[in-house]
Amino acid sequence: MQNDFQHIFNRAIKQDRLAQKTIYEMFSGKMLAVAKSYVNNFDDAEDILVTAFFKAFTKIEDCRDSKSFPFWLRKIVVNDSINFIRKSKNLLYVEGEIEHIGDEISDEEMENFPDFDLEKVLSQMPLGYKLVFNLYVFEDKKHQEIAEILNISEGTSKSQLNKAKKWLVEFFRTQENEKFVKK
Amino acid sequence: MKNSLKNKLKNQYENQSEIPTENLWERIESQLENSEEKKVVVAKKINYWKYAAIFLMVVSLGLVVNYFLNQKSVNPEFVNTEEPNLKQNEKSIPIEEIENIQPIQINNSQEIAINKTSNSTVNSSDKTAVKVNDEKTLTQNNQKSIVENVIKPEKEDSPKVIVPNIENKPVLAQQPIVKEKTKYITANELLFGREVDKSYKEQQENDEGKMGVNLRKPKEVKILGITVYSDEQ
Chain G
1 MQNDFQHIFN
11 RAIKQDRLAQ
21 KTIYEMFSGK
31 MLAVAKSYVN
41 NFDDAEDILV
51 TAFFKAFTKI
61 EDCRDSKSFP
71 FWLRKIVVND
81 SINFIRKSKN
91 LLYVEGEIEH
101 IGDEISDEEM
111 ENFPDFDLEK
121 VLSQMPLGYK
131 LVFNLYVFED
141 KKHQEIAEIL
151 NISEGTSKSQ
161 LNKAKKWLVE
171 FFRTQENEKF
181 VKK
Chain W
1 MKNSLKNKLK
11 NQYENQSEIP
21 TENLWERIES
31 QLENSEEKKV
41 VVAKKINYWK
51 YAAIFLMVVS
61 LGLVVNYFLN
71 QKSVNPEFVN
81 TEEPNLKQNE
91 KSIPIEEIEN
101 IQPIQINNSQ
111 EIAINKTSNS
121 TVNSSDKTAV
131 KVNDEKTLTQ
141 NNQKSIVENV
151 IKPEKEDSPK
161 VIVPNIENKP
171 VLAQQPIVKE
181 KTKYITANEL
191 LFGREVDKSY
201 KEQQENDEGK
211 MGVNLRKPKE
221 VKILGITVYS
231 DEQ
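Chains as they are written, first to last, in the numbering used here: chain G, 1 to 183; chain W, 1 to 233.
No lab work stands behind these hints, which were simulated from the structure alone.
Mixed in with the good hints, there may be bad ones.
What the hints assert, rightly or not - Chain W is faced by these chain G residues, among others (derived, beta-carbon under 10 angstroms):
no.	residue
1	Ala-35
2	Glu-119
3	Gln-124
Said to hold, decoys possible - SDA-like cross-link-like pairs, simulated, lysine to any residue; straight-line CA separation at most 25 angstroms:
no.	chain 1	residue 1	chain 2	residue 2
4	W	Lys-6	G	Glu-178
5	W	Lys-6	G	His-143
6	G	Lys-67	W	Lys-10
7	G	Lys-21	W	Asn-34
8	G	Lys-67	G	Lys-89
9	G	Lys-14	W	Val-41
By construction, the Cβ of each residue, glycine as well, lies at the ideal position given by its N, Cα and C atoms.
All chains, please: the whole structure from these sequences, using the hints.
Okay, structure coming up:
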């Protein structure tokens with residue numbers, strides 16, 4: 001499998017259209033989901049995907065090897081998504097101090113989470129904290145890195161994540177309530 | 001955040017997949033093709049530049065070579081203009097020699113003439129002195145003596161005449177060596193040329209300033225009423 005991908009990767013470096021299409025078919029589904037988790041819109045996500053794959057194929061020489069390609073491609077997609085949000089939506093982060101310790105969500109609260117639909121979570125989470133939340137949870141970025149990527153302060157990044165957590169707890173609660181109502 | 005929730009979120013996120021619309025690949029492909037066409041165009045342009053650069057290189061090289069060749073062909077002209085003078089100098093030496101020789105020859109001929117005259121006088125004196133002897137024998141003797149006298153000086157002179165000729169030959173042999181030496185410009189000539197150039201430049205500088213503009217040192221330079229430069233200092 002790895003050898004196969006290595007072979008495809010090598011052909012893609014030589015701008016082989018078939019190899020490029022194979023790579024596209026391998027990663028497009030996942031990358032589309034990643035892009036959509038940021039922009040909340042299927043069409044916008046597809047636009048991002050087109051530019052991201054175009055960048056990836058034209059600058060494939062910059063990628064060190066076939067093993068790092070999936071992460072490299074994902075980085076492009078995430079960056080493009082963030083840039084898209086920056087351009088289309090005027091995001092303004094209020095320089096927030098870190099919330100009081102009392103406001104921190106307790107681990108117990110987070111432990112009792114019900115089953116949830118991630119798509120619903122991501123589509124309903126406000127854009128303000130979703131970027132920080134995505135980067136922190138799904139891209140495993142540290143607050144310092146997030147601050148650099150989004151051009152905000154580290155404190156803002158932390159407070160945004162805290163807001164996201166709060167929102168998530170609230171979301172779970174309402175979901176439970178909805179289920180209860182339905183029953 | 002508890003790791004269990006984070007892990008669950010992450011797992012779900014990583015397993016997420018969307019099915020893109022069918023024409024999405026075509027959109028990417030068309031973009032790639034457009035970029036490749038652009039690349040080809042750029043490559044062609046670069047090639048043209050290369051050809052243009054090579055052409056320019058060749059032309060400039062040709063000009064440089066031509067210039068140097070011209071310089072080389074000009075140098076002989078310079079040598080040629082000077083060579084006649086040198087040749088004249090060379091020629092002057094043989095001419096002088098010839099002139100020196102000519103008097104000798106003339107002297108010889110004069111001597112011969114003198115001899116002839118002397119002989120004739122002698123003959124006449126002989127004729128007058130020895131009238132008693134048989135006229136025939138006398139005339140024969142006289143004729144012989146005349147012949148001998150006439151021939152003798154010639155015989156005596158002939159080596160003298162030939163000697164300078166022989167002396168001329170080594171001079172002719174030495175000539176090519178002298179020629180090679182005279183190809184060089186003498187130090188005096190060079191110095192003279194330099195002096196002429198110097199005086200010409202000085203004259204030009206005195207006549208006009210650079211680029212035909214007269215730049216004379218101002219006696220005083222004032223900026224905002226403050227004397228920045230004055231000639232008196």
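**Asked** Going through the earlier hints one by one, which of them does the structure break, listed in rising order?
**Response** Violated hints: 3 and 8; rest satisfied.
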